[in-house]
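Visitor: Top to bottom, those sequences are chains A and B.
If you use this note's numbering, the first sequence closes out at 246, no skipped numbers anywhere.
If you use this note's numbering, the second sequence closes out at 246, no skipped numbers anywhere.
It should be emphasised that the hints constitute simulated quantities derived from the structure, not laboratory data.
Here the structure is a predicted model, which is why all the values come from computation and not from measurement.
Even glycine gets a Cβ: it sits at the ideal position worked out from N, Cα and C.
Mixed in with the good hints there might be a few duds.
As the list claims (entries may be wrong) - Simulated restraints, written as ranges between beta carbons of each label pair:
| no. | chain 1 | residue 1 | chain 2 | residue 2 | range |
| --- | --- | --- | --- | --- | --- |
| 1 | A | 183 | B | 181 | 26 to 32 Å |
| 2 | A | 135 | B | 135 | 45 to 51 Å |
| 3 | B | 85 | A | 85 | 54 to 60 Å |
| 4 | A | 83 | B | 101 | 30 to 36 Å |
| 5 | A | 70 | B | 79 | 37 to 43 Å |
| 6 | B | 91 | A | 83 | 45 to 51 Å |
| 7 | A | 239 | B | 122 | 26 to 32 Å |
2 protein chains.
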Amino acid sequence: MSTTTTTAGGRERWAVGPEAVVLDLDGTLVDTVYQHVVAWQEAFGAIGAALPAWRIHRRIGMSGSAFVEELTRDAGVDVDETVLRRLSEVHDAAVHRSGGQVVAQRGARELLAELTRLGVPWAITTSGTLRLAGPALAVLGVPDALLVCGDEVRRAPRAPRALDLVVIAAARLRVRPSSCAVVGDSVWDLLAAGRAGAVGVGVLCGGYGREELDRAGAARVVDDPAALLERLGEVGIGAAT
Amino acid sequence: MSTTTTTAGGRERWAVGPEAVVLDLDGTLVDTVYQHVVAWQEAFGAIGAALPAWRIHRRIGMSGSAFVEELTRDAGVDVDETVLRRLSEVHDAAVHRSGGQVVAQRGARELLAELTRLGVPWAITTSGTLRLAGPALAVLGVPDALLVCGDEVRRAPRAPRALDLVVIAAARLRVRPSSCAVVGDSVWDLLAAGRAGAVGVGVLCGGYGREELDRAGAARVVDDPAALLERLGEVGIGAAT
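My request is simple: use the sequences and hints to build the entire structure.
Guide: Here it is in structure tokens:
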């Protein structure tokens, strides 16, 4: 398999493979990104910040506050608690009106089951809220999964911007962040993986292009969880256990 | 400006710049791609072909029949006239239910006005139907624009697959296809430009990544019509007139 005896530089983790896996939720495990883009577009419109869909798409998955700040800055809209609440309300109503269907990405359920079978600890992260994540976990058949939400990053007692989902998830899994593989559909997931010294695995099923994920530091880019399940050995997952 | 005296190989068109401009509609001039992705996903689901959103996104803009054939092939769904009608009905109803808002991309109206001011002939193409294109042309302020629809390609008397929107649009504009610049958000637009020997200009506002458009042969990739308007000289548009 992919185990090697190389120990030079920062690659020693490859010798045994990542010890744990941190997986992004929206776009990576469930096929909800495009719904959310349309819903956020309506929500930003409602607060007077008309935004093109592609810019929203490319910002989804940033930490919650950065997402709103980056997108409203150009539109010159001041954001306070009232505006944030309104954004969230219109977004949620739009998702609800569209049927709010949450569908698992191909192979997502099977990938999680295989990690469990292999004894590889795993956690799910989302920049969104616990309330929206619940139905997704149910669809994935893992209602009791270890989940780290954007809520928690925002409520972190100090230096909240410096902490991020990967670091918190690794702490919960009781592994070093650099011992994790991070699976995500957005450049933000892969940049977070890089900051943590983790192995980043990009999936195309959130709608980014392959080269965008490559450039953000992905060690591998695959179509979706089903493709990753077939290539777990390539990123050393399961090799450590 | 960008005019050159190079006449070697196929680059002689750059000496004077493209004589005419063919612009894609959905994703390029109006911000409707993400709405359509969600609506098509619902429609394919209704005919028993559950498809991930990203695969629909990356197929939008193919000629109508290829779009449906490629997407249903993997799902193993047989497509006949009844199924096609059902697809179209569910898609249209979903667009309608979501408000069916058509918003111009940034700078789209201004770009068309500038082409007119410069005396550069232009046409708009869409792989969709005349019925859906009408409201978009109204939003762009060009209800009487020269428009070539997917309908026309499908109804073409012979070799319909070999003809495509760019070739038909060039004929209507009374220029050679190779004398056109083709502006589009999808790899299909740029591949069509390449087949026609035209200058391809990619825009990111349909949600593709920059490198995807580069690799499909774009001479330039810009954010959106507003950015193209600022850089018309770079692709020689306006230089011929």
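Visitor: All the hints need checking, so say for each whether the structure fits it.
Guide: Structure-based check of each hint:
1. For residue 183 of chain A paired with residue 181 of chain B, a C-beta distance near 58 Å fails the hint of 26 to 32 Å.
2. Roughly 46 Å separates the CB atoms of residue 135 of chain A and residue 135 of chain B, a value that falls within the hinted 45 to 51 Å.
3. Between residue 85 of chain B and residue 85 of chain A the Cβ separation comes to about 55 Å, which falls inside the hinted range of 54 to 60 Å.
4. Separation of residue 83 of chain A from residue 101 of chain B is about 34 Å and conforms to the stated range, judged on CB atoms against 30 to 36 Å.
5. Taking the beta carbon of each, residue 70 of chain A and residue 79 of chain B are about 40 Å apart, inside 37 to 43 Å as hinted.
6. Distance hint check for residue 91 of chain B and residue 83 of chain A: the Cβ-Cβ separation is about 47 Å, which falls inside the suggested range of 45 to 51 Å.
7. Against the hinted window of 26 to 32 Å, the Cβ-Cβ separation of residue 239 of chain A and residue 122 of chain B comes to about 55 Å, which falls outside the hint.
Hint check: violations occur at hints 1, 7; the rest are consistent with the structure.
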